Structure formats: structure tokens, C-alpha cells
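Undergrad: Single-letter residue listing:
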Amino acid sequence: MKTICPRCESTGVTQMHAGMENNQILWRVWHCKDCAYTWRDSEPAESIDPKVRPAWTKMKGVDFDSLRQVIPPAHKPT
Amino acid sequence: MATEKVVSLSAEAKAVAARVGSLRDFLAYLGEHDQCVSWPDPVMPEPDIRNISVAAGNNVSTGPAVIFDKIRGYPGKRIAVNVHGSFGNLALLLGLPKITPVRELFFEIIRRWGSDKPLLERVAPEKAPVNENRVDKNINLYDLLPLYRINANDGGFYIGKACVVSRDPLEPDNFGKQNVGIYRIQVMGPDTFTLLSIPAHDMGRQMLMAEQHGKPLKVSVMIGNHPAMPMFAATPVGYDESEFAYASQMMGAPLRLTTAVNGTDILADTEMVIEGELQLNQREVEGPFGEFPGSYSGVRKVPLFRVTSVSHRNNPIFENIYIGKGWTEHDTLIGLNTSAPIYSQLKKDFPEVAAVNALYQHGLTGIISVRNRFAGFAKSVAMRALGTPHGTMYLKNLILVDENVDPFDLNQVMWALSTRTRANDIIVIPNMPMVPIDPAAEVPGKGHRLIIDATSFMAPDNLGADPHLVDRPMGPEIDALMQRLNELQKGGV
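Keeping their order, the protein sequence lines are chains G and H.
Reminder that position 30 of the first sequence reads as 30 in this note's numbering, one-by-one numbering, no gaps.
To get this note's numbering, take the position in the second sequence, counting from 1, and add 1000.
If you're looking for bench data, these hints aren't it; they were derived computationally from the structure.
No false leads were slipped in.
Straight line, CA to CA, 30 Å or less: simulated DSS-like cross-link-like pairs of lysine-lysine: (1) K1137(H) to K76(G); (2) K76(G) to K1446(H); (3) K58(G) to K1446(H); (4) K1325(H) to K58(G); (5) K33(G) to K1215(H); (6) K33(G) to K2(G); (7) K76(G) to K1177(H); (8) K33(G) to K1137(H).
Cβ-to-Cβ under 7 Å is the rule here; a few derived chain H residues that face chain G: (9) F1157; (10) M1207; (11) E1211; (12) Q1212; (13) E1284; (14) R1300; (15) K1301.
Predicted model, so just to flag it, every value in this text is computed and none were measured.
Positions of the beta carbon are idealized from the N, C-alpha and C atoms, including for glycine.
Generate the whole structure from the sequences, applying the supplied hints.
TA: If you want it as C-alpha cells, here you go:
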């Protein structure tokens, strides 16, 4: 099954790291390029299962460019 | 205003200052006093580290620091939490018995406060333990640090207790304007992270300057530091005052500094330093993060940094913090150092101020004990407190009590509230500045302040002016009797 982001349900996710134990992969760390959520696939469901995560944490369909800027950029990125 | 006075320390305090030069030294010292434990069992990064951190911090008096060295999937890696998580640990750092009352800790910090005479020792970079290992190619923070999620709904893995050093982008040679602060850092990739600051904070000012003028902003993220450093990195000292200088003077012993590759000063004995550079005008989606008011911050776009190199000691310790719904290590770490500058600033104009307790959620609630010079005087003191640098944003609820009420003893404060408060004599000041992450704000950054005057009445106020207070026995004689009773309870004679 394809891994999707637990928060915004994007498929644009990348494996960042794998934790090893006895030469076996114990867990993997993933990162979403769209909403920047980072998770480990060994975490409790409340953090990584879209069906269990609280509704207020969901970011499916959010326009990320419209998020508030804590320190607005002075110029356009170069 | 800082002075160049030199603080005199007890023999015990000098002994602690002489032997504690790093996080490792402090953990060993805590261990000798049963205030540091190594967790014996293997732990999963989530939720085990979170749960054990909370349990350690629940004992505000004598909760221990906890070291994890059996973290599943991170063989050979180490994490330390709750290092500043109890007043017992802070007391030991100051050379005091670990059962020292919080009020006495407050006055010990006040006694050492106000001097920024630097006690700094320079160490050549090649001789600094932090440079035992250097990584400047194929940097992977996920491999270098045993990262984990602090609270279940955080947006990622946070570095929550690092002390970040940065130079003023327009005056990079000014030592005083070099800032050391604690800011939340979310790892965004193998060699990128966001760092959250606001324009009111020194780091936020430097970010604004750098982007406005197109100047580089280079930072050194110090992880696992001398225990005095995070206490001062989280303290609101003046923009042109050095946190390194304050921390060293507070300990009464030199701090060992060396120079990072990017030119910032760093602690020579720190566990790890991540050097990074602000990516001008670039932002990344950050948060939420379980913050000190006990609620999650929103998801925002926050400045992005790229890592240029990482230096670390052999077998480094990732020191991190549990933060969220209080009481947490965050409250113990910064509480007394939040209270001290407010006290010092008030005391200059109003010598009647006896003590300030701003321990609660970075001072969102503060208790000031003061002797009324005349009727209503305590309210004037409250107004002045709202005008102090920290009070401007943080002091939301202020309770004023008499000078013979210990503001650190909440039973005494409740007595004052019960017997001195008149509901038609409180003050609400609407539409004041507020901490943006305070969930009680009307809109983020703006809300109301509350002043409760629970001091005694005096002429010309006739209401309750004749209370005939009971003269409750107190002082050293009662303390000695309490000690005797304690011994009798343990079976002594």
C-alpha cells in the first residue's frame, strides 16, 4: 500500500531515515513535502493514522500559501 | 542595568561552580545526590520518552533528570530530559541543599542577579571537546540525533531546549549584541530546520534585519549545555547584554567559550553544535507544537535554515525538554529567572516590593508581595509591573498580596485572596498586548489584563480597616520545631 501523509493525505512523501535493530529495519521516518509533517511509522495511531487523528489536525485541502506568517519575508525569495 | 559587581558565593556554591563545566559534569553531580537516573529498559522513541519525561517532571520538588541510552532504532545514542525539571536540581546547581524552599532559591538568584561582569575563558577550537567530531558533508540530522515527537499532535520532531547563538547581522563584531536564546526548532529535512521567533524577541529582530538588508544570519544551535546556559538563554536580558556573561556571573566561575566555524561564540564543552544559515525570505510550514500555555500553537509559515556543519563530542547527549500542559520542565527552567528581573525592575522604584512569583506559564500569572505605602499603592505597583519589559507581553493576571504573605506559598496567597479581595475592587484592563499563543486572547496577540489587589486595607479606606490580625507564630523557631517533628515522625527522639 502506498504511504500517504497522515495529516494532508498527500502522496508526496519521502523516507528520511530508518531505525535499525539487529540488522533489521525497526521503523522508518517519513516527511511530507506539501504540509511538512514528519512521522515515524512505529508511532501510536493518534499521530500517524488519518482515521484516528483529531479532526482539528487535518490539513487535507488547505492552501498552504495562505497560512499566517510569523515574520513576513522582506522580499520575494531569491 | 548591569553592573560590574562581583557576587560572593558560599564554599558549597564555589565547589559546585568549580566542578560543573558542562552538562555531563552536572548529570554526574545530580547522580551523586540521587537526582539523575539512567532509564534501565529499552524505550521506543514514541510514546515512551514523552511519558517518562512527564512522570519525571510531575515531582516538582525532587524529580530527577533522566538519561535514556537504550533507545530502540537509535543504537548508541543518548537523550537526557528533565535536567532542570525540579527545584531540587536547581538548588543543587546553586550549591544549596536539594530541599531548599523555592522562596530561598528566588532570593539566592536575586543576590546573584544584576551583574554582567563576564567571566569567560577562551579555548582554541582545536582543543574544544565540542570539536571532537565534525560533519560537513552528507549531513543527516535524523542520523546524528535521536529525534522524537514531544507531544502527540506536534507537526514533527522538535529540538526544544537548544541555546541558539547569533550575531547582529548589521554589527557582527559586537559581542554584547550577540544573542543566545531558546527557540523551538522543527527538523524539516536531513539538513534543514525551521526556527520560530517573533519580532518582539532578539532573534526575530535579527531575522527582520537580515532579510531587510540582504545580510547573512548565521546561527549556532548548541544542544546539551552547561546548566546555567539554558536558564539565561530563556531570560529576558537587554538586547545589548550578553547571556554568556550573565550565566558565568551567576555561577561565579568562568564559562569556556570557543569560536564556531561561522564566527559565533559557542560553549567549548557543549554536546553538539549545529551551524546553520537563514535562507533569506524562504519559509516552511511549521507546527503545531504543544506550547507552554498547555495548548497547541497553530500551523504557520516560519523562517527556514540550512545546516552548514555539525560538531559534536564523542558519544553526545541530546538534551531535550518536555513542554505542554503544566507543570513541566519549562516552568521550572525559566520560572525563577522570569521572576527575578521583574523584581529587580520594581524594586528600583518601589522598595516596598518584597518578592515576585512569576513561575506560572512564563509569568502569565504573577504574584507580587508588597507593603502598602498608602491606600491603593499596590495597584500602582501592579501598573508598573505591566510596564516592565516582560510584563508588557506576559503578565496577564496579577495578584498583589501583603509583604508578610509569601507569594511562593500558594496556601498563603489563597488566604489573602479569601480575606482581602473585594470583587468590586479588581481591575480589568481591556485590549492589551498578549502572548500570541495564549488561548485566552480575544484575538491572537491581544486581550485583557486582570489585577487583583489582595493586600490589606488602610485609611482612608474604611471597609475592613480593623481586622485584628492573628499574630501567627513564624520564623526560625517554628522552622526548628517543624524539623523536630519531622525527626520524631521518622522515629527519632
